[in-house]
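Asker: Now for the letters of each chain:
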Amino acid sequence: MPADIAWGQMQGRRERQQDRVACLTWPNDCHLLILADGMGGHASGDVASSTVVDSFRRTYLERASLSQRDRLLGALQEANYALFDRIQSDPDCVGMGTTVVAVAINRGELLWVSVGDSPLWLFREGALRRLNKNHSVGSVLDERAAPPGASLGAALLAASRSELAEAVLGREIELVDAPHVPLELACGDILLLGSDGVETCSDEDLAALASADASASSESLVDCILREVAARDRPRQDNATVIAFRVTGPEPAVAPGR
Amino acid sequence: MAKKFGPDGVPVDVPSTPFRREKRSIFGDGPGPRGSGVGGSDPGRSARRPLFYDDEPTTRPMTRPTADSAPRVAPAKAEEPRTRIAGGPRPARDDEPLPPSRRRGIDDPVVGWLVVVEGPGQGCFVPLGNGLNKIGRGDESRVQLDFGDREISRTDHARVTYDPKGNKYYLQVGSGVNLVYLNGEPVLQPTILENGCSLSMGATTLRFVALCGDEFMWSEAERGPSA
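Read top to bottom, the protein sequences are chains A and B. Under our numbering, the first residue of the first sequence is numbered 1, with each subsequent residue one higher. Under our numbering, the first residue of the second sequence is numbered 1, with each subsequent residue one higher.
Among the hints, a few may not be true.
Stated by the list, open to error - List time: in silico DMTMM-like cross-link candidates among lysine to aspartate or glutamate, alpha-carbon distance up to 20 Å: (1) A:Lys133 to A:Asp203; (2) B:Lys134 to A:Glu172; (3) B:Lys134 to A:Glu174; (4) B:Lys134 to B:Asp156.
It is worth saying that the hints were derived from the structure and are not from the lab. All figures in this text were calculated on a predicted structure; none of them were measured in a lab.
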């Protein structure tokens, strides 16, 4: 479906920009949006997020025959292997990792894969709703009484709630949010993908920014959100990145036989 | 049929929006709840706020000189503690590099085979035994499918069950996130597996060859106590 896409980022008060983005749009109005928030290693969080975004998009482009969900999951898996290889080859990269949230929009149907705590929101009819799961320790513990794997379970009990329960780290990923059933998008919907630095603004603030001018371009919305984050002037503001995807028209009818 | 629509043609990269450094909250100044709306910014504060660096698009991620001519604050002071992963460093994956394909023998007689007809290891096969056969890439799997397709889960990607009493084969998905497909359709619940069916997992397509059926089956004595 036709869409207006924009993204932007700011470094905040961090030494480096460790967020990475790829937004691909095809002539037949299919779209792929990837956002990765890197962390860890000595200074290699940006290596992790770059590696994962590059590998993810490459694999997604190569795997044309699979279902969308499989394509996303396969790309995630390949990205995880790419990260593993990178860590193997470079001691400086030990301990690096990244979140990743990737969404694919095909014929108005939205699917995503998400690992970590980078939010994916849907703004529809004046309300902002988080779509993907938050793999922070607090959220994971809230969600289930019994943590999933034994190793992860023990780790969760020992961790503070704001730590990440899962990320792409080049080893087995135990928590992946990848819905089976696509979400139908409608004209006027706005998707927002962010790194957690954007959460300096509350959901209510983001909703207010998105509703301020329903016809505003994605570019101006991205700009508004980043300026709002900057205006909060947090002494330790994290990297903040936001992708805005606004559906600008209905899915055109598909000719039979296609 | 599985849906196969998807992107078509050459994709275009959406470039980033340059972020203009204008420090004025539309909710009013400061972190409080939205307020007066207009104004509220303090020029003095803006002037001594050279800490927000505009970022370039993702194309040159590694060595980006800051566009800001103002002196940078020592990062060690300004930096927030790095995001930590619960549990600290976990050991590296134990299945890398890919081990040589070591297949554990199935103690009981073979009841069928999976033959790789497409993907890494094309032409190879693995035998299936009585009862539950968990298929995975790792060598702890009863049926080890390890011909180089790393999209196959290490353990329990899919399960093929042979029920000797009913003399039937079943296919079901394993306990991980990855799916298995039967004749192009995802297998979401245990499904009868017929001789000659096509299975796919990861980038591998397999043909199922049954030994047992109307014409042949192992007697109870031959197939041993395991079933």
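Asker: Now look at each hint and say whether the structure bears it out.
Answerer: Checked hints:
Between the alpha carbons of A:Lys133 and A:Asp203 the distance comes to roughly 15 Å, so the proposed pair stays at or under 20 Å and holds. Restraint check for B:Lys134 and A:Glu172: satisfied, since their Cα atoms lie roughly 18 Å apart, inside the 20 Å limit. Under the criterion of a C-alpha separation no larger than 20 Å, the hint pairing B:Lys134 with A:Glu174 is consistent with the structure, at around 19 Å. Proximity of B:Lys134 to B:Asp156 is assessed by CA-CA distance (about 5 Å); at most 20 Å being required, the pair is judged to hold.
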